[in-house]
Structure formats: C-alpha cells, structure tokens
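Chains as they are written, first to last, in numbering that gives the first Met the number 0: chain A, 0 to 326; chain B, 0 to 326.
Derived by calculation from the structure, the hints in this document are not laboratory data. Since the structure is predicted, the reported quantities are computational estimates derived from the model, not experimental observations. Incorrect hints may appear among the rest.
A pair counts as met if it fits within one copy or between any two copies, since identical chains are not told apart.
As the list claims (entries may be wrong) - SDA-like, lysine to any residue: derived pairs with alpha carbons at most 25 Å apart:
{"hint": "1", "residue 1": "Lys174", "residue 2": "His302"}
{"hint": "2", "residue 1": "Lys265", "residue 2": "Met227"}
{"hint": "3", "residue 1": "Lys232", "residue 2": "Thr27"}
{"hint": "4", "residue 1": "Lys49", "residue 2": "Ala263"}
{"hint": "5", "residue 1": "Lys317", "residue 2": "His268"}
{"hint": "6", "residue 1": "Lys49", "residue 2": "Glu104"}
{"hint": "7", "residue 1": "Lys317", "residue 2": "Arg125"}
{"hint": "8", "residue 1": "Lys174", "residue 2": "Asn289"}
{"hint": "9", "residue 1": "Lys49", "residue 2": "Ser3"}
{"hint": "10", "residue 1": "Lys49", "residue 2": "Asp267"}
{"hint": "11", "residue 1": "Lys317", "residue 2": "Ile231"}
{"hint": "12", "residue 1": "Lys317", "residue 2": "Ile270"}
{"hint": "13", "residue 1": "Lys317", "residue 2": "Val20"}
{"hint": "14", "residue 1": "Lys317", "residue 2": "Ser272"}
{"hint": "15", "residue 1": "Lys49", "residue 2": "Lys265"}
{"hint": "16", "residue 1": "Lys170", "residue 2": "Ala30"}
{"hint": "17", "residue 1": "Lys174", "residue 2": "Gln22"}
{"hint": "18", "residue 1": "Lys317", "residue 2": "Glu40"}
{"hint": "19", "residue 1": "Lys49", "residue 2": "Asp84"}
{"hint": "20", "residue 1": "Lys232", "residue 2": "Leu135"}
{"hint": "21", "residue 1": "Lys317", "residue 2": "Ile239"}
There are 2 protein chains.
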Amino acid sequence: MTHSIQLLGISNAIVDVLAHVDQEFLDTIGAPLGSMTLIDEVQARDIYSKMGPATEMSGGSVANTIAGFANLGGSSAYIGKVRDDQLGDIFNHDMTSLGIDIRLEPATVGPATARSHVLISEDGQRTMQTYLGACLGLGLLDITETTVGAPKALLLEGYVWDIGEGPALAKQAAKIARANGTAVALSLSDSYCVERHRDAFNDFVKADANIVVADEDEIHALLGTDSMPAAIKELSTFDILFAVTRSEKGSVIVHGDTVVEQAAEKVDHVIDSTGAGDAYAAGFFYGWANDHSLSDCAQYGTHCATQVIQQVGARVEKGLLDDYQTG
Amino acid sequence: MTHSIQLLGISNAIVDVLAHVDQEFLDTIGAPLGSMTLIDEVQARDIYSKMGPATEMSGGSVANTIAGFANLGGSSAYIGKVRDDQLGDIFNHDMTSLGIDIRLEPATVGPATARSHVLISEDGQRTMQTYLGACLGLGLLDITETTVGAPKALLLEGYVWDIGEGPALAKQAAKIARANGTAVALSLSDSYCVERHRDAFNDFVKADANIVVADEDEIHALLGTDSMPAAIKELSTFDILFAVTRSEKGSVIVHGDTVVEQAAEKVDHVIDSTGAGDAYAAGFFYGWANDHSLSDCAQYGTHCATQVIQQVGARVEKGLLDDYQTG
C-alpha cells in the first residue's frame with residue numbers, strides 16, 4: 000500500500016508564549032518546576048499580566064513533531080483546532096509554510112486559539128501553564144475518512160485526552176486508521192498527563208497502538224515500573240514498537256525481543272530542554288516512515304533532540320538529517 | 000524641575016514577525032538587502048504567505064529604545080497606537096511588563112495592529128517589510144497635555160512622519176514639551192526615511208529638536224555631507240546634542256564645539272545587526288537622563304548596542320548597565 004502522506008498528527012494546536020523567569024516567579028504562581036498545568040482564561044490573563052516580555056512561536060507537542068518531520072523532508076498532515084484569530088493565523092501559517100497539509104478550517108466561534116505560557120528557567124527547564132481555548136472544540140465531527148485519509152502513520156498525543164471528546168475521537172481515528180492500513184502511534188506527552196489518564200492510556204495502547212513514543216518517566220507512570228530493566232521486560236510482552244527517551248542516558252527502542260540502545264550525543268550547554276522528546280519523535284518517525292533500521296531511527300531521533308536542546312524553540316531545523324543521506 | 004518620567008517615546012507600535020531567509024527570497028520579492036519598505040494589507044498577506052515559520056516579538060524602533068531604557072532602570076512612558084487585537088495585546092503587555100506607562104488605549108475600530116516582516120539574512124542583516132495598520136490612526140487627538148505630560152525628554156522617531164498626521168503631531172508634541180521644560184529628541188529611523196522627509200526633518204531639527212540620534216548614513220542623508228569630518232563641522236554649528244553611531248567605527252557625540260568619540264567594543268560574531276541603533280539610544284538616554292557625562296553616555300550606548308547585535312531580538316536586556324554602577 001502506498002501512502003501519499005507519511006505522518007498525520009492529531010493534537011492540541013498551541014501558540015507558545017515564551018519568557019525567561021526565575022525560581023521566585025515559579026514559587027509566586029505555585030508552579031512546580033518542569034510541570035504542565037492546564038489553566039482557564041481568567042488564570043491565563045493573570046499569569047500573562049505577571050510575566051515579563053515574551054516571544055511568541057507556534058508550539059504544541061505533536062505539532063512540533065510534525066513540523067520537525069516536515070523540516071526533515073517528510074510528507075505530513077495535521078488535525079488540530081485553532082480559532083480564526085491572529086494566533087490561529089500564526090499557527091496555521093507556520094505549519095502550512097513547511098508544506099504540512101492542514102486538514103481543518105479555523106473555528107469561527109468559541110474560545111481563542113490556545114496558548115501555552117512557557118516559563119523558561121535559568122537551567123533551561125520549561126514550566127508550562129496552558130490555556131487550551133479553541134483546542135477544547137476538537138471533536139468527533141473533525142475526525143472523518145476525509146480528514147484522516149490514509150497516512151502511513153497517525154500520531155496522537157496524550158494531551159488529546161485532556162479535551163472533552165478526546166478519548167472518543169482518538170478511538171475513532173484509530174478505527175479509521177485500521178481500515179486503511181495506517182499505523183497508530185501515541186506520544187505520552189508528560190508523566191502528569193499519564194497520571195491523569197493512566198487507565199485510558201493502558202486501554203488505548205493495548206487495543207489500538209502500534210507505536211508508542213515516551214520518555215522514561217512517562218513509561219514508568221504508564222506501567223507502574225521503577226527501573227528501565229523492569230520496564231523493558233514489560234514492554235517486550237507487547238507487539239508494539241516503543242521508543243523511550245532517557246535524556247542524557249540516550250534512548251531505548253523495544254519491539255518484542257528486539258532492544259536497541261542508543262547513547263546520547265555530547266552537549267556542552269543545554270539552552271532549553273523541552274521539545275527534546277518531540278524532536279526525537281520527528282527524527283524517529285522520519286527513519287521509520289522511510290523504512291530505515293531501528294538503529295538508524297534511534298540515531299536520527301537523538302540527533303534531532305540534540306539540536307533542539309541547544310536552541311530556544313522546540314522545532315527541528317530544515318534539512319538537519321541531510322548529512323545522514325536519509326530519504 | 001523634577002520629572003517623574005525620564006523618557007517618553009512617541010512612535011509606531013509594531014510587532015515583528017521574524018524569519019530567516021536567503022538572498023534568493025529577497026530577490027523574489029524584490030527587496031533590497033537591509034531596506035525597510037512600507038507595504039499595504041494585501042502585500043502583507045502575500046509576503047507572509049511566502050515566508051517560512053516565524054517568531055513574533057514586540058518591536059518598533061523607538062519602542063525598542065523605550066523598552067531598553069526601562070530594562071536599564073529608567074522611568075518611561077509610551078505613546079503609540081495598536082488595535083484591540085491579539086498582536087496589540089502582545090505589544091502592550093510587553094511594554095507594560097517592563098513598567099512602561101502606556102498612555103493610549105487600543106483602537107476599537109480600524110486596521111489591525113502593525114506588523115513588520117523582518118527577514119534575517121545569513122549575515123545577520125535585516126530587511127523589513129512593514130504594514131503600518133493601526134499606527135496610521137495615530138493623530139493630533141492623541142497628543143495632549145495629559146498624554147505627553149512633562150517627561151525629562153520626549154523621543155520621536157522619523158517613521159512617525161510616514162503617517163498622515165505624523166508631521167503635525169510631532170510639532171504639537173514639541174510645543175507641549177517646550178511649555179513643560181521637556182527636551183525634544185528625534186531618532187532619524189533609517190536613511191531611506193530621511194530621504195523621504197529630508198526637508199521636514201531639517202525644519203524640525205532646527206525649530207524643535209534638542210537631541211538627535213542617528214547613524215552615519217542618516218546624518219549624511221540629512222545634511223548632504225559625505226564624510227564624518229564634514230558632518231561633524233556642520234553639526235557643531237547647531238545648539239543641538241547629536242549622537243551618531245558608526246557601526247564598527249564606534250560613535251561620535253557632537254554638541255557645539257564638544258566632540259566625544261567612542262570606540263566600538265570587539266564582537267566575534269554578529270547574530271542580528273539591526274536594533275543596534277535603538278539599543279545605543281537606550282544606553283545613551285539612560286546616561287543623559289541621569290546627568291552622566293557625554294563620555295559615559297557614549298560608553299553606555301555602545302555597551303547596549305554590543306549586546307543586542309549578539310542576539311536575535313532588538314531589545315536591551317534587564318540590568319545590562321548594572322556593572323557600571325549608573326543610576
């Protein structure tokens with residue numbers, strides 16, 4: 000079967016509002032370092048009014064992966080909901096300009112385009128306060144044979160389960176995927192998200208997923224494990240391709256009895272650590288979609304993550320893997 | 000006379016939309032490298048659709064100076080016109096969060112908040128395509144005893160002359176300033192802007208200005224000179240404080256017979272050259288407003304410009320001059 004689109008993302012469409020903060024600021028707003036907290040519109044106005052000058056850029060976890068995947072040269076499409084406002088224009092422009100096929104029109108009613116207040120600490124860690132806005136309107140009506148089509152893989156993010164019809168639309172997307180020979184992939188988003196939806200994620204992984212990308216904490220949160228050897232043993236019992244990132248310890252890919260370990264690249268100075276997992280996924284899926292070995296997939300993922308943590312901004316730059324003569 | 004506000008800016012309130020481009024892109028859109036071109040809404044949509052993914056941040060020449068001045072610890076206020084849209088919110092937030100007193104409410108009708116498509120070349124030069132939008136609505140009604148108040152100095156930018164009531168509102172601001180013991184300063188914006196408004200600028204400088212900040216090209220465009228010695232001879236005939244930046248040649252301050260030359264600081268790698276003049280002005284006015292020597296003013300300006308050209312983004316960072324124990 001041929002797929003004109005290699006990777007379709009379904010996720011929360013978010014514009015990041017980035018500012019550097021100190022620990023005192025995080026203490027004042029009561030946000031644990033490195034956490035992602037969902038906030039409402041009133042809280043969003045409050046946090047924004049307390050923040051210093053910011054920079055705006057398109058974000059969102061799986062949206063970053065899709066953008067990176069497109070920048071590497073992959074063909075991709077995207078389903079996510081913005082409002083017809085200036086931030087929605089920015090989000091859709093940034094995706095479209097990479098050649099990504101945007102499958103939904105902006106909403107003409109309802110809340111504003113989502114924004115995540117990204118508070119960057121001196122050590123490069125991000126603490127996020129996210130107002131989901133228009134994302135909350137993503138629903139079953141948006142997930143159809145037409146909008147999903149028949150990509151080689153579709154990639155959902157765990158954060159989709161935070162929206163009202165999220166669990167139902169994820170099931171519906173997986174059903175359409177199965178009928179079209181599309182692989183179903185899930186990115187676990189963050190360990191707090193896994194805590195919120197552990198049972199639903201375990202059900203979805205067992206019933207629907209062919210590929211899962213996650214970091215070590217998320218995998219432990221999902222499985223209830225507390226060491227990598229224990230997790231690998233458990234993961235090997237599934238017929239699912241798992242790619243698990245481990246920060247400075249590199250990554251591990253597990254598929255049944257196959258275990259591929261990849262070391263991290265040396266980095267002198269981390270500028271902005273988050274986005275690493277999304278960038279890893281971009282490289283990993285680029286290798287996977289082009290039928291490269293799992294070892295190559297791990298190497299591409301690692302190289303993309305290494306680039307992203309050395310810049311402000313979570314998206315993999317154009318042509319990053321050209322030296323590898325992939326494609 | 001005491002002034003609770005040291006520096007009031009009156010200028011075009013603009014959000015920058017920054018993207019990296021190559022020379023081919025500039026050729027395609029017919030933009031000379033390093034130029035600033037005014038475009039209408041249709042052209043703005045066209046250029047944006049051709050640009051790659053972008054980053055948004057508050058900009059504007061004198062707005063950058065005011066933001067930098069506030070970050071250095073100065074007390075400041077700002078008059079500029081945005082629309083009540085998301086980009087307008089971003090602009091006002093970024094200024095307000097630095098403690099700058101925003102004197103106008105956003106417009107509730109009319110065109111959208113201004114945006115400048117900032118095309119950054121590989122060598123760090125900026126080419127700008129600017130849609131003035133809501134800025135065009137800045138007018139005489141906005142310049143009153145109440146909005147101007149009695150700052151120690153008010154700073155206009157040459158770009159104000161690009162808007163319909165700009166020349167008239169500049170005269171009105173100068174008149175209010177004179178009555179309150181406020182110094183009138185003018186930043187010449189860019190040499191193309193000086194070409195557009197040479198006669199008006201010469202009239203304004205002679206009749207109204209106490210301080211002029213400019214780069215070498217702008218001064219030559221204003222005076223019709225072609226060497227620094229010739230320009231300095233001419234500038235010394237005015238009773239006006241001139242601060243002239245000269246890129247890697249440093250800067251020259253001229254006030255009658257007083258001439259202060261300042262060398263540039265050594266820079267290994269220029270990331271993004273524009274904003275240097277605005278940053279210089281921030282440091283210069285910080286020294287001036289605190290009654291430091293002209294030599295100190297030049298040194299502060301140079302230090303601010305040096306920081307800004309080594310980052311993407313045109314605004315001076317918080318506390319940059321703290322080491323100088325100014326204030």
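Hint check results:
{"no.": "1", "hint": "Lys174 / His302", "result": "neither (33 Å within a copy, 61 Å between copies)"}
{"no.": "2", "hint": "Lys265 / Met227", "result": "within (21 Å within a copy, 50 Å between copies)"}
{"no.": "3", "hint": "Lys232 / Thr27", "result": "neither (42 Å within a copy, 56 Å between copies)"}
{"no.": "4", "hint": "Lys49 / Ala263", "result": "neither (37 Å within a copy, 37 Å between copies)"}
{"no.": "5", "hint": "Lys317 / His268", "result": "both (22 Å within a copy, 22 Å between copies)"}
{"no.": "6", "hint": "Lys49 / Glu104", "result": "between (33 Å within a copy, 20 Å between copies)"}
{"no.": "7", "hint": "Lys317 / Arg125", "result": "both (24 Å within a copy, 20 Å between copies)"}
{"no.": "8", "hint": "Lys174 / Asn289", "result": "within (24 Å within a copy, 69 Å between copies)"}
{"no.": "9", "hint": "Lys49 / Ser3", "result": "between (46 Å within a copy, 24 Å between copies)"}
{"no.": "10", "hint": "Lys49 / Asp267", "result": "neither (32 Å within a copy, 36 Å between copies)"}
{"no.": "11", "hint": "Lys317 / Ile231", "result": "neither (33 Å within a copy, 47 Å between copies)"}
{"no.": "12", "hint": "Lys317 / Ile270", "result": "both (19 Å within a copy, 19 Å between copies)"}
{"no.": "13", "hint": "Lys317 / Val20", "result": "between (29 Å within a copy, 12 Å between copies)"}
{"no.": "14", "hint": "Lys317 / Ser272", "result": "both (19 Å within a copy, 23 Å between copies)"}
{"no.": "15", "hint": "Lys49 / Lys265", "result": "neither (36 Å within a copy, 36 Å between copies)"}
{"no.": "16", "hint": "Lys170 / Ala30", "result": "neither (32 Å within a copy, 50 Å between copies)"}
{"no.": "17", "hint": "Lys174 / Gln22", "result": "neither (45 Å within a copy, 47 Å between copies)"}
{"no.": "18", "hint": "Lys317 / Glu40", "result": "neither (35 Å within a copy, 29 Å between copies)"}
{"no.": "19", "hint": "Lys49 / Asp84", "result": "both (23 Å within a copy, 20 Å between copies)"}
{"no.": "20", "hint": "Lys232 / Leu135", "result": "neither (37 Å within a copy, 66 Å between copies)"}
{"no.": "21", "hint": "Lys317 / Ile239", "result": "neither (30 Å within a copy, 50 Å between copies)"}
Hints 1, 3, 4, 10, 11, 15, 16, 17, 18, 20 and 21 from the earlier list are contradicted by this structure; the remaining hints agree with it.
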